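Q: Sequence:
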Amino acid sequence: MEYLEKNLEKLRKYRKYFYEKLIDIMQKGDLKYDRFNILTTRDGDKTIEIAVGNERHRLNSLYSPKKEAERWADKYKFNNINTSVVMFGIANGVFARAILDKLKKDAVFFLVEPDLSLFVYCLKNFDMRDIISDARVHFFVDTINYEDIYFSFLNTITEVMLPNQFVCTYPEMDRIYGDKAQNFMEIIKNCYGVQLSLGIDFYNVYEKTVYNTFKNLHFIKGSNYLTEFIGKIPDEVPVIIVSAGPSLDKNVDDLKKAEKKAFIVATDTAVKTLIAHDVPYDVIITKDVKKSAIHLKDERCHDHPMIADICSKNSILEENKGHKIWNNTSNFMCRLYAKYGLKYTSCMLGMSVATDAFTMAELISAKRIILIGQDLAYAGEYSHAGSVANHSYDNINGIYEIEGIYGDKVKARGDWVDMIHWFEAEIAKVRDDIDVIDATEGGAKIQGTRIMKLSEAIELYCKKKFDFQEVLNQMQPTFSEDMYEKLREDLYNMKKELSDIYSCSEEGIKAADDMLLLLDGQETQQADIKLGEKAEIVKKNMKFIEEQLVYEIINDYMETKIKSALKINMLGDDRAENAKFSCELSKEAFNAAIETVDYAMPILQEALESI
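This note's numbering puts the first residue of the sequence shown at 2, with every later residue one more than the last.
The hints are simulated quantities; they were obtained by calculation from the structure and are not laboratory data. All of these numbers come straight from a predicted model, not from anything done at the bench. Positions of the beta carbon are idealized from the N, C-alpha and C atoms, including for glycine. Any given hint might turn out to be false.
What the hints assert, rightly or not - No more than 25 angstroms apart at the CA atoms, straight line, and that leaves these computed lysine-lysine pairs for DSS-like: (1) K581 with K103; (2) K430 with K497; (3) K251 with K464; (4) K466 with K368; (5) K7 with K17; (6) K103 with K68; (7) K541 with K76; (8) K105 with K581; (9) K540 with K106; (10) K209 with K562; (11) K11 with K29; (12) K540 with K562; (13) K540 with K76; (14) K181 with K22; (15) K465 with K262; (16) K322 with K261; (17) K11 with K105; (18) K22 with K7; (19) K511 with K544; (20) K430 with K17; (21) K47 with K103.
Stated by the list, open to error - Just the calculated beta-carbon pair ranges, DEER-fashion: (22) E187 with I24: 27 to 35 angstroms; (23) D483 with N205: 36 to 44 angstroms; (24) T41 with K291: 54 to 62 angstroms; (25) N55 with E548: 54 to 62 angstroms; (26) D483 with S316: 45 to 53 angstroms; (27) P235 with K33: 27 to 35 angstroms; (28) D254 with G381: 15 to 23 angstroms; (29) H392 with K430: 29 to 37 angstroms; (30) K257 with E610: 38 to 46 angstroms; (31) E237 with Y34: 48 to 56 angstroms; (32) E460 with E187: 45 to 53 angstroms.
Input sequences plus hints: build the corresponding full structure.
A: Right, dumping it as structure tokens:
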């Protein structure tokens, strides 16, 4: 019991939604610990023994659990970017900790615990605070959020990350929890199947990301970014986020009563409906790199201010003549602006334009958010407002029956279910600071919201006059003329960076080829020295590429060019074979960089003419 309070405090601080669900379960007193027993090891550490029928399974060495875990983790090499690890079994955390010690800061670590009683037992008997507070870790624990593994995996592990994916099991846990271990592997295999089926689309997305980002660079001049709007919306003024769910047709006309009394944010897909009903709004928010421009073709929306990502569809930004405001979701923009002392306040990357609108409202310190058109469910056959019935993603995502906003049952796609979970987790984090009202009047129930008719919400909370255009008129662009001239030099320098990446990659390929020859040759002291020298060149050149500003734009596209088989990457114990595999992967990474430069250079050259 000595560690429980300390561990729970860390959960409360870093994983509040998880913590609250855990506390609710613990208070019911249904957890059983009689199968578990603590053993003291020879080095003074502790391990767990678990009874399964007449057998007892010890999870760690009786000599030194830490050293055993370190030896076990040594067979995994986590040297590449975009590494992700999925591990079945957490227990006392000793094996998870050994992996975390080897992972880079940008890695993702899914920890899956099949037994809630074991999880709580370990919280009582082991110090888990370092693992709980590690931002790389995603917990999935029986009874709490175990069912979220599938969708969280799909939304976190992209197709380009699959070559650097490691799947492993806490030793003995797959034997103790055989059925759940088998189910876990089926989930992972299903995730891989979906990711591979979407692979071509990912390639197109990242190709368009490079294109749009370069083409949108000229919009930086005269623009602002979201961090500058913190505190600009009075506390009494609600942020109304208008999405395009089918229920929007019910209450869209009520929104007219909120004109100049709320900050009305229209998602790009909802704009057509607002225009059709002559409903005013303050700003458009767009996100997708491949968004259909038809949603924003009407000239009546072209003068509205627009919140966008730097990689949002270029043709949409070109048609829009309004003020540009950058969303805080780009590592490239964060790094670029930081050079000029401008803090790109962290904004959680959402799953849709609606979730991005929600985090935007959080970031600017909104005190009340009103959601409308946020169905996240079908209304009969309709998926969107305007009697739109889009079922093209049903087979990929699956259809589920879930609780509706009024307690009925509604049908939702799997990706919508995941968005519901996203909203619920985010609302739980901010519920002490932000009042979230669901005024959709239909669709799925989002836990943590207050359900209310839109007309009632407007009558109660839209009382203070507010003019967003006046806020914009009083703001200066982020970059003065002098600052922008310096920024232009950084943008022009990306052309040189691409050339340097090309040369660096050629040198890296040669070094990797030399390493392969040395690995196939006779082992000598001289060969080992040369091997180390060549390995240092590969490492140095890879690091150089990652350090370039332009790399923040091209990295995802570059990784789609890597031709390694997309499979669960479980390295063996043969160090020589592992070394050869790493060399081949390095060669492919350098070749991918060369192909990426060939694609990106002409786009950047043309884009630089407009900045």
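Q: Are any of the numbered hints broken by this structure? If so, which, sorted upward?
A: Result: hints 2, 26, 27 break, sorted rising.
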